[in-house]
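2 protein chains.
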Amino acid sequence: MTTRREQTSHESRELILTAAAELFAEKGYRQTTFADVAERSQISRGSIPWHFGSKEGLLLAVLERSVDLIRSGFPEDPGAGAASFDHLRQGADALMRLPTSKLFVTLLVEALEPGSPIHGRYVEIHNTLREHCRRWLERLPLPPGTSAETLAVTMVGAVIGIHQQWLLAPDRIDPMEAVAPLWLLVTGAPPRPSP
Amino acid sequence: MTTRREQTSHESRELILTAAAELFAEKGYRQTTFADVAERSQISRGSIPWHFGSKEGLLLAVLERSVDLIRSGFPEDPGAGAASFDHLRQGADALMRLPTSKLFVTLLVEALEPGSPIHGRYVEIHNTLREHCRRWLERLPLPPGTSAETLAVTMVGAVIGIHQQWLLAPDRIDPMEAVAPLWLLVTGAPPRPSP
Numbered sequence: 002m003t004t005r006r007e008q009t010s011h012e013s014r015e016l017i018l019t020a021a022a023e024l025f026a027e028k029g030y031r032q033t034t035f036a037d038v039a040e041r042s043q044i045s046r047g048s049i050p051w052h053f054g055s056k057e058g059l060l061l062a063v064l065e066r067s068v069d070l071i072r073s074g075f076p077e078d079p080g081a082g083a084a085s086f087d088h089l090r091q092g093a094d095a096l097m098r099l100p101t102s103k104l105f106v107t108l109l110v111e112a113l114e115p116g117s118p119i120h121g122r123y124v125e126i127h128n129t130l131r132e133h134c135r136r137w138l139e140r141l142p143l144p145p146g147t148s149a150e151t152l153a154v155t156m157v158g159a160v161i162g163i164h165q166q167w168l169l170a171p172d173r174i175d176p177m178e179a180v181a182p183l184w185l186l187v188t189g190a191p192p193r194p195s196p
Numbered sequence: 002m003t004t005r006r007e008q009t010s011h012e013s014r015e016l017i018l019t020a021a022a023e024l025f026a027e028k029g030y031r032q033t034t035f036a037d038v039a040e041r042s043q044i045s046r047g048s049i050p051w052h053f054g055s056k057e058g059l060l061l062a063v064l065e066r067s068v069d070l071i072r073s074g075f076p077e078d079p080g081a082g083a084a085s086f087d088h089l090r091q092g093a094d095a096l097m098r099l100p101t102s103k104l105f106v107t108l109l110v111e112a113l114e115p116g117s118p119i120h121g122r123y124v125e126i127h128n129t130l131r132e133h134c135r136r137w138l139e140r141l142p143l144p145p146g147t148s149a150e151t152l153a154v155t156m157v158g159a160v161i162g163i164h165q166q167w168l169l170a171p172d173r174i175d176p177m178e179a180v181a182p183l184w185l186l187v188t189g190a191p192p193r194p195s196p
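Read top to bottom, the protein sequences are chains A and B. For the first sequence, this note's numbering begins at 2 and goes up steadily by one. For the second sequence, this note's numbering begins at 2 and goes up steadily by one.
Isolated chain A, as found in the complex (with noise of 0.2 Å):
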């Protein structure tokens, strides 16, 4: 049974990772202190360290929830074939415009930074998007000469690039239509427009 402590407990966590959350996305991480998340979440300043120990242990714990986010957009199992494409591109998609991709590209930048505490994270999460990608190509014919392993490093690759051109010029780009190419990649023929 969960007590009253217990639920407001959770609450407050939520509320300080979804401030957390916008504030990076917003200001950066380092330009970001526990008196910026303790206003927008309106949590007091001194519980921040305590659900969450350190500035990166709040980092760690809005990557992991902004993961938990992306997992739930593709299915487990997507199938194979053209109706499979559309549904992991009608996926991405989705994904592209949530305001935590955003976060992403944020993060990434610290990320790459020598000794930083996501870098393994981050790894972690493009070996996944990899690996989700993979196995689902590896259940399609695929052209001569190309392997599901390299393809599915093209593939990722392409979703963040088009997610980035898209972010800088959203009147100029249109997501759904830079992916649907990706198609080519498994079949050399270009998928059949969606009814």
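Everything labelled a hint here was simulated from the structure, so no lab data went into it.
20 Å max Cα-Cα, derived PhoX-like pairs, lysine-lysine:
#, chain 1, residue 1, chain 2, residue 2
1, A, K28, B, K56
2, B, K56, B, K28
3, B, K103, A, K103
4, B, K103, B, K28
5, A, K103, A, K28
6, A, K28, A, K56
7, B, K28, A, K28
8, B, K28, A, K56
Over 12 Å on every C-beta distance to chain A, these chain B residues come out as not near it, computed from the model:
#, residue
9, A36
10, G54
11, P79
Which residues of chain B face chain A? A few of them, derived with a C-beta cut under 10 Å, are:
#, residue
12, T107
13, P115
14, T155
15, G158
Remember, predicted model here, so these are calculated numbers, not experimental data. Note that CB positions come from ideal geometry on N, CA and C, so glycine has one too.
Guided by the hints, dock chain B onto chain A, whose structure is given.
Relative to the frame of chain A, chain B by itself:
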């Protein structure tokens, strides 16, 4: 005729730009101070605003120099056909490995800030890359149902995203290998291996 004083001024400017580019890539733009740049470049702190006006001016100058470097990595007319793809692929691989390219990722976060002084310049850089790619694609027989304009977004996206995967995990990602399948977007057939 260039006077001795002009030459020294040009040299100081170059030393400041090199130091600033390194520091922005290492520490990020905001964490870098004029004092850091002065120390790294061995040029007096006071002469930095004399050359570049403000920190924003320095940022723009660093970015311009990086754009020139990137532009010089791609042939103005790569030709058409499989050999031209190989040419572009080698250009992309060499560019990804330049330290300057890490700077592009570091500054991307800056460019995404609302009201950023480099937002417009970043959009232009992406436009230039897409234009270059589009002009090359227009000379090739593309698969039915695709357009050079959309494929350019997909291909530039893939190069951006492959670069970032490689930055995070250089021993796991082979950029040359991951770029290769993009030829499938053009022909539906994998490229012949380079001799």
